[in-house]
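Following the hints, put chains B and C in place on chain A, whose structure we already have.
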Amino acid sequence: MELKTFVGGLHPPDSKSRSAQKPIEQCPLPELLVIPASQHIGAPAEICVAVGDQVKKGQVIATAKGFVSVPIHASTSGEVVAVEPRPHPMGRNLPAVVIKPDGLDQWDDSLQGNNPDELDVDTLKKMICQAGIVGLGGATFPAHVKLSPPEGKTIDTLILNGVECEPYLTADHRLMLEECDQIIDGINILRKVLGISRAVIGIEANKPDAIAKMTAECAPHNIEVQALKVQYPQGAEKQLIDACTGRQVPSGGLPMDCGVVVQNVGTAAAISTAIRLGRPLVERIATVTGSAVAQPKNLRIAIGTPLQHLVDQCGGLTGTPGKIIMGGPMMGQAQLSLGVPAIRGTSGLLILREEEVSAKAAGPCIRCGRCVSVCPIHLQPTTIAAYARLSMFDETETCHALDCIECGCCTYICPATLPLVQSIRFAKGAIMEKKRKS
Amino acid sequence: MLAAVLSIGGIGFIAATALGIAAKKFAVEVDPRELAILEALPGANCGACGLPGCSGYAKGVVDGSIYPTLCTPGGSETIQAIANILGIEAAAVEPKVGIVACQGDNSKAANKYRYLGLQDCNAAQKLADGPKTCPSGCLGLGSCERACPFGAIEMTAENLAVINREKCTGCGKCVSVCPRQVIKIAPAEATVHVLCNSHDKGALVRKYCQIGCIACNICAKTVPDAYVIDKFLASANYEHIENAAAAIEKCPTKCIRDFSTGYPEGSSFLPPTIPAKTKAA
Amino acid sequence: MENQLYLSSSPHIHSGETTEKVMRLVIYALLPAAILSVYFFGLQALGVLLICTLGCMAFEAIGCKALKQPSTLADGSAALTGILLALNLPPSIPWWIALLGAGIAILIGKQLYGGLGYNPFNPALVARVVLLISFPVQMTTWTAPAPIGSGVDAVSSATPLGEIKTAVMLTGKLPEFASGSLNNFFVGNMAGCIGEVSALALLLGGIFLIYKKVISWHIPVSFVGSVLLIGGIFWLVDPSKYPNPVLHLITGGLILGAFFMATDMVTSPITYKGMVIFGCGCGLLTVLIRLFGAYPEGVSFAILLMNACTPLIDRYTSPKIYGQVEQKA
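Line order of the protein sequences matches chains A, B and C. So that you can map any letter, position 60 of the first sequence is 60 in my numbering, and since no number is skipped, the others follow by simple counting. All you need for my numbering is the position in the second sequence, starting with 1, plus 1000. All you need for my numbering is the position in the third sequence, starting with 1, plus 2000.
Only chain A is shown next, with the shape it has when bound in the complex:
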């Protein structure tokens, strides 16, 4: 099959072999679950339980606030022992509900399964929102928002993101191998909601088994499987759309502006569970890996499980940990400690050894142009970063700083080890702040 791709990008060592062949394991519940109210892009949910309340698995513990927001649910049954700010993966203390599991793991009785064929589109959308479904690739954008294009925008293609281009991560890979049926069911529901028939699953060519399996299973459902070149960031929304359809999302626009909706394969599976079984998003699959993890695994985890518990399930640490990263190594977020909980966006937990962390000081830019050639948005990262360092933010905007997707290619390749992405991100923050003020 012809491998499609985009222009730019690079291929870091994918380091997936540690966990690619490990079947998904159920992670036992920890002693305490810490469930933050803010787990998605948009307004944080509002906590609606109090200390001492008994909650059932799947019960709403925080309600959505606004359109771009989703409710949060209890990941197991038990007692609420605290409602207070707790360390959050974002790096600061944010409101969270702490639940002490009762060990029964009892679902809320009111949750009922449905047959999607008997439901109308609006009801389906509402159920997806009520189930707290967000993009599980890591960006955690509420799914129902993507499924509600405003008047005048027509959607003709649904793209399923099974690329998993981040090195180390294998959660989506395992999901495609093991829960293919749910993904396909989710795709069918999504097609019904969007009222379209074309669906494409993009999978990077380094997962031949997943491509073979999905191709075989998807054939009767009229779902295309597109093998993609192994090239980071193939799984970034804009690059994936370009590779799969040849279309480009307009600068400053959304995928729906070019007629496409992109959902992660994990999200599709979660939507199937939410509709068929009526079960909200209270667990997800995450890869726990890295050189400092004794036995890397793919785990099915309850939302709110502390990272320390995940490490314990994987044989503990080996060597001195140097960096704890939630998500993949290219776009994940470094953590202060293993005390923070896994949330809906936690596609992986990567722990690097101290000696693997490059602490080289940044040198001067030698204008080698590597950042320019790898940028998948075709920006000039070094120019933007230079302006940002001089606080010349108007110039960074003219250089299209706001179009940067922060994929990390430029920083990865830079021989002067300049923190280009950080500079650009800093500039983006300054530009946005300026825009808010005016």
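Keep in mind the hints are simulated off the structure, nothing from the lab. Only a predicted model underlies this, so the values are computations on that prediction, with no experimental measurement involved. Honestly, I wouldn't trust all of these hints.
Stated by the list, open to error - Below 30 angstroms or equal to it, Euclidean Cα-Cα: the simulated DSS-like pairs (lysine-lysine) are:
id: 1; chain 1: A; residue 1: K56; chain 2: A; residue 2: K126
id: 2; chain 1: C; residue 1: K2021; chain 2: A; residue 2: K229
id: 3; chain 1: B; residue 1: K1059; chain 2: A; residue 2: K434
id: 4; chain 1: A; residue 1: K360; chain 2: C; residue 2: K2065
id: 5; chain 1: C; residue 1: K2213; chain 2: A; residue 2: K360
id: 6; chain 1: B; residue 1: K1250; chain 2: B; residue 2: K1201
id: 7; chain 1: A; residue 1: K126; chain 2: A; residue 2: K65
id: 8; chain 1: A; residue 1: K4; chain 2: C; residue 2: K2320
id: 9; chain 1: A; residue 1: K435; chain 2: B; residue 2: K1059
id: 10; chain 1: B; residue 1: K1254; chain 2: B; residue 2: K1167
id: 11; chain 1: B; residue 1: K1184; chain 2: A; residue 2: K437
id: 12; chain 1: A; residue 1: K213; chain 2: A; residue 2: K192
id: 13; chain 1: B; residue 1: K1126; chain 2: B; residue 2: K1231
id: 14; chain 1: A; residue 1: K428; chain 2: C; residue 2: K2273
id: 15; chain 1: C; residue 1: K2021; chain 2: C; residue 2: K2273
id: 16; chain 1: B; residue 1: K1250; chain 2: B; residue 2: K1207
id: 17; chain 1: C; residue 1: K2320; chain 2: A; residue 2: K153
id: 18; chain 1: B; residue 1: K1167; chain 2: C; residue 2: K2068
id: 19; chain 1: A; residue 1: K126; chain 2: A; residue 2: K192
Relative to the frame of chain A, chains B and C by itself:
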């Protein structure tokens, strides 16, 4: 030889004439007072007056859209000069200097993590609120040093910002770039300051900093008027600076410093040999 | 202070590519040419190489110290500048001129602008051109190659390009050798700068750099290609007056310039389109200077002139960003 001298000389002459004519012909009319004021200003374009540069300030002062007393870097002299040019009465201004209200360098204050990346305090602050465990201490990555138009700020080897009181003009540029508001502008005649910015409770401060204010109240008890404690942080009361130095020895964490006797540890600045700037008459 | 985890903004892994590695690979790529030049020109050439390299490193250390900057000696850029400078000097150059050149390259060509990454002009070429203008006699006194062990004494001789220029100026016709076999020139058996002599060794080094992805093909190919094309057009117009384009290619400093000097990252454009424009500009200027200028060789001047255009080229060749087309449509 002669030809060369003549031709070069000729070219020079023609160019000079052309420039002269152009200067006359395309001259922009400027109020002479504006030029005179611009001349009197320090020319650092620091922005202390709230305008982007000295020329903007001069223009504003002449057309009356802005007060003539806002140039803190220039101090009383400049204000007097502007007043003379405009023919108005000048009010005396109090000279001010910036104070870094923190002594918690890397040897004395704990860090939550080892920071890698952009050497800029504002960028570091965005990463889990900065590496320093203390939520209000100096991050030491030198954003203020780079922002200072007068070269008055240095970073010590242990990453603490220190402001030179003789070079500082009190323009406040550093205050606006510091993500943690560690820098305060204080009257130059006050030399005794509590160098801590943490409003955390004493027990918590002790955990992350050896030289932070623990709000024990001893300074306020020793010299009652000179110190006030607000939200677990002592600060010098600049209205009563006379005996403030008496509390320095008593402070258990040594976070009070008299700048007339020396700068914080690690600084290369020498204590001022001349007496501190006094209030202009 | 027990908690010593690292924290940084993403990404958290790095390619391991470093400035030192880039510089080291370029130095490796220059070694065949340097070794061959020592073979052809003897210990004299070795001396110049050593003086320039060590001189540049010493001046780099002095410059960093004087400007109170952290030492950048370890990144290898100064050593590289030294080697490039040496390869751009005639083998018979007096040692003090070579040392002066090293000083000009590092102190004036590089440190005064702020050190590595900030110099607008290729430091080695700045030094070469300053020396060429200041010491025209010493800088154009060439010796014929006297391979080690051949027993031949070094004699002064003109460069092929110099001979062509003289012949064309005097008689309006090309000298005889210009229409003969060019094999000797290709391996380096001709008078010229230390590093200009062997097109073959330089080409090997250049291909190594492209293979290692240290440089991209854009500048060398467009540079050499435009020289061949423009030189070829002139040759077709009047073969008795204008030399064969192949002669353009393998004599003088074209290969050295195209693969090692014009590709200096700091002073060349960062976009592919810009690189092609830069290369073509270098090629055009080189041919024009060689055919119509006062100097027989124009590569250094051409590259320096194009260096000056680099910011402008970069400005106008910003790639079209992802998603920009649709927005306008």
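Hint by hint, which ones does this structure get wrong, listed from lowest number up?
Structure breaks no hint.
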